[in-house]
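Just so you know, the protein sequences line up as chains Z and C, in that order. For reference, each letter of the first sequence is one residue, going 1 to 239 in the working numbering. For reference, each letter of the second sequence is one residue, going 1 to 243 in the working numbering.
Treat the hints as calculated values from the structure; they're not laboratory data. Bear in mind that the values here come from a model prediction, so they are computed numbers and not experimental data. One should not assume that every hint holds.
Partial list, derived from the structure: chain Z residues whose beta carbon lies under 8 Å from chain C [unchecked claim]:
{"#": "1", "residue": "K77"}
{"#": "2", "residue": "L89"}
{"#": "3", "residue": "T104"}
Think of the CB as a built atom: it goes at the ideal place given N, C-alpha and C, for glycine as much as any other residue.
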Amino acid sequence: MGLELYLDLLSQPCRAVYIFAKKIGVPFELRIVELLKGQHCSQEFIQVNPLRKVPVLKDGDFTLAESVAILLYLSRKYEAPDHWYPQDLQACARVDEYLAWQHTSLRRSCSMVLWQKMMLPQFLGERVPPEALAATMAELERCLQLLEDKFLKDDDFLAGPRISVADLVAITELMHPVSAGCSVFQTRPKLAAWQQRVEEEVGAGLFQEAHEVVLKARDLPPVDTAMKDQLKPLVEVLL
Amino acid sequence: MGLELYLDLLSQPCRAVYIFAKKIGVPFELRPVELLKGQHLQGFLPAGSPQVVPILKDGDFILHQSVAILIYLSCKYQAADHWYPADLQARARVHEYLGWHADFIRGTFGVSLWTQVLAPHIGAPVPEEKVTRNRAAVDSALQQLEEQVLGDKAFLAGPQLTLADLLALEELMQVVAMGRDVFAGRPRLAAWRGRVEAVLGADLCREAHGPILNVLAQAASKQLPQPPAEFRHWMLLRLSRIP
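With these hints in hand, go ahead and build the complete structure from the sequences.
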């Protein structure tokens with residue numbers, strides 16, 4: 001059994017891992033875990049990750065969760081070109097800085113937007129109070145401003161002149177609000193230009209492939225009652 | 001000018017950076033930044049840096065985010081391998097813990113300083129519902145930490161002390177400082193804490209934990225500084241973001 005990646009492309013961190021693994025040519029077996037069907041709670045998957053989260057990497061006996069850990073592991077094991085996660089002390093620190101910041105800010109904000117603006121009302125039939133959605137959108141704006149001013153600044157990519165795993169993590173996050181119908185890039189030309197550069201580096205085909213699931217999320221039919229109950233704890237967290 | 005660290009020991013990530021820098025013998029200049037006086041908003045930090053602590057300044061190079069700072073110091077000053085192991089899988093375990101930490105610990109464990117001390121201090125009490133929700137989140141995280149994350153291991157990312165343990169300890173100490181003994185009734189976590197502090201050393205821990213452990217007493221005897229107007233606004237914004 002070769003390397004396995006357990007992913008649901010609905011999830012931003014899964015998309016970053018998918019794009020990276022494909023881009024640097026990691027030979028892997030894709031194991032789809034559909035969160036909306038509760039597959040992360042199946043007996044089979046709990047054996048793989050008792051914490052019931054995706055993405056998960058399984059490399060022989062070695063099982064690893066958390067997208068940043070997986071990205072860095074793949075980068076080193078498969079000897080990705082240096083720019084993805086540089087050896088240089090300061091260049092690496094810039095990537096680490098972005099990866100650390102995004103987890104408690106942009107990541108959360110982008111998840112909330114997708115769920116509150118689209119998934120909760122449409123998929124779960126849950127009403128989202130307008131004040132809650134307004135606060136969420138304001139927080140997204142704040143994060144986007146920081147992304148532009150403190151990370152991108154005048155560089156071509158988030159951690160400097162070349163693309164790194166930081167850009168993959170960021171772009172996959174931003175596709176969440178985009179999928180919910182937010183015009184993240186139309187009102188921010190600097191970010192729009194960066195997005196173009198990242199897509200070009202990744203390759204339009206791979207980028208589209210990775211985002212097919214989330215871009216179609218708006219077409220998902222409402223979920224049945226049984227699944228609704230199972231997803232209830234998730235709803236509480238997201239409101 | 002040598003390396004500078006802009007820190008407030010009331011902040012969990014600042015303590016982790018301080019302890020680490022001291023422990024591995026980094027030659028640095030401490031630049032104290034008093035968050036309660038709003039100094040991070042008043043030009044006490046290097047020009048152009050975000051208004052957060054900790055901040056590292058190494059010549060022209062400015063770095064924020066404690067994880068990035070810890071890794072940078074570890075590599076630049078060639079800390080003993082166990083802190084941030086060179087081994088591929090061992091290092092992956094550190095990052096795996098840090099991912100979980102960002103979701104369940106970071107943010108959550110800092111809330112009680114705000115609800116118990118800072119909010120009342122500026123006359124803006126937090127709704128009981130939020131306090132209850134945070135307490136439940138802390139309990140749930142502690143349970144996961146004890147039973148699943150730490151489990152039977154000596155340290156959070158493996159058999160040896162790493163950066164992960166330092167960041168975790170400081171978050172837990174934040175809650176301890178607010179009067180809740182998170183180690184009571186959690187023997188594995190208590191034993192882990194003992195092991196971590198044994199490596200760090202009692203004196204260094206005492207020094208680093210002093211200010212935060214004193215905050216409740218300072219608040220009770222009305223010794224906390226009055227925040228300036230612009231900082232009050234920032235604090236209210238911060239309070240509104242508590243889930």
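*Could you check if K77/Z really has its C-beta closer than 8 Å to a C-beta on chain C?*
holds (6 Å)
_Quick check on the hint: L89/Z CB to chain C CB, less than 8 Å?_
With Cβ-Cβ at 6 Å, under 8 Å, it holds.
*At a threshold of 8 Å, is the proposed contact between T104/Z and chain C supported by beta-carbon distances?*
Check passed: Cβ of T104/Z comes within 5 Å of chain C, closer than 8 Å.
Against the hints set out earlier in the document, no violation occurs for any number.
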